[in-house]
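Peer 1: Residue strings, one per chain:
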Amino acid sequence: MHCTIEDLVALRDGEGSVWARRHVEECAECQAERERLYQRVAQLKALPALRPPRDRWSAIRDTVQAGRSRRRQRWVRGGLAVAAAIVGIIIIGPINPTPALGENLAQAKQQSAQLETTLRDYDSDSRVMSGREADLTAQLEDQIAVLDGQLARLGDSARADAQLVDLWRQRVDLMQQLLQVHVTRAKYVGL
Amino acid sequence: MTLSLSVPDILVARAKTGDLEALEALYRAFETPVYNLARRICRAPEDAEDVLQETFLEVVKSIKQYRGEGHLWGWIRQIAASKALMRLRSDKLRATDELVDEAAGAPPISVAAGIDLERAFEQLSETSRAVVWLHDVEGFTHEEIAERMGRTVSFSKSQLARAHARLRRLLSPAVAGG
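Residue numbers (my numbering), protein chains in the order written: chain U, 195 to 385; chain E, 12 to 189.
So here's chain U without its partners, still in its complex pose (with noise of 0.2 Å):
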């Protein structure tokens, strides 16, 4: 039994099996066939070099030229769009906030004033309340308190954006739970 072509090639790339390493050191047949394979590749490595038979590098200049050149006018185009803007920033102003915002805003601020008057005429600090009436009224209290603070410190601003006013909707929103609190409350004892 002789080395196959695989046990000869896998020798050759330093693998193979024990076996096979120790046949071919003694098989003068299997020793031969190695050479052929060693031969084989020699002479792959030594075949002539084939060359392209048409220059290439124009096609490839020009693709590459007409890339750079719609990246170029991307840029262009990108660019004016940005210049446009800027343009129109200048002239016209910057872009006021939605008009809905401003009067959202106003409605907000209107409500929580009502509310406030609303409230107090209940005049809750005269009237006698339950221990969870106490501290629900308490906890929405607090959380008044705290949204009061995050106005104060985004100041009275002219501009209405989201943020305000989804502050001023959020006080409002307290309020009306807080003046259900006393309503409920005062339907309850008959007040």
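In short, the hints are calculated from the structure, not lab data.
Remember, it's a predicted structure, so these values are computed and weren't measured experimentally.
The C-beta atom is built at its ideal place from N, Cα and C for all residues, glycine as well.
A portion of the hints provided could be inaccurate.
Partial selection, computed: residues in chain E whose CB lies under 10 Å from chain U [unchecked claim]:
{"id": "1", "residue": "51"}
{"id": "2", "residue": "93"}
{"id": "3", "residue": "146"}
{"id": "4", "residue": "147"}
For chain U, the structure is supplied; the task is to place chain E on it using the hints.
Peer 2: Relative to chain U, chain E alone:
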């Protein structure tokens, strides 16, 4: 195949800036080894030319990523091998390749007269040619070949052994078996 593949560092530096003259100089320095590698793998010369073009478009695009670690030819050769093997992986070529592999068991008529190594090599399937050339001539490992072919290491090894067995038969028609 003896070619001078060394290029000055300044040329590579200029190519990295997108200098077309420097990129052309790189093309001139490496067009033959790239085409040779592609042509040894691809059966059709037009396919090898396409691989040459795709390789250098990739070189132009990615030359900035070449960090100078190892020879530039090693880097370009990796690209060329990937492009050539990608071409082999297309469905059309794979179908052709399978037909050639099926025919591999039956020696062609020319065997009777005996043929030289170059002609024998051309008679291998494209997959076998790719494995033999990349492993035995270009020095790729089976792991590298398998990764680029999307196959297993054992596939690469068995293709190499099969290819050598067939070359042996083609070159020595009087010797039976492998």
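Peer 1: None of the hints should be skipped; say for each whether it holds.
Peer 2: Here's how the hints hold up against the structure:
{"no.": "1", "hint": "51", "result": "holds, 7 Å"}
{"no.": "2", "hint": "93", "result": "violated, 17 Å"}
{"no.": "3", "hint": "146", "result": "holds, 8 Å"}
{"no.": "4", "hint": "147", "result": "holds, 5 Å"}
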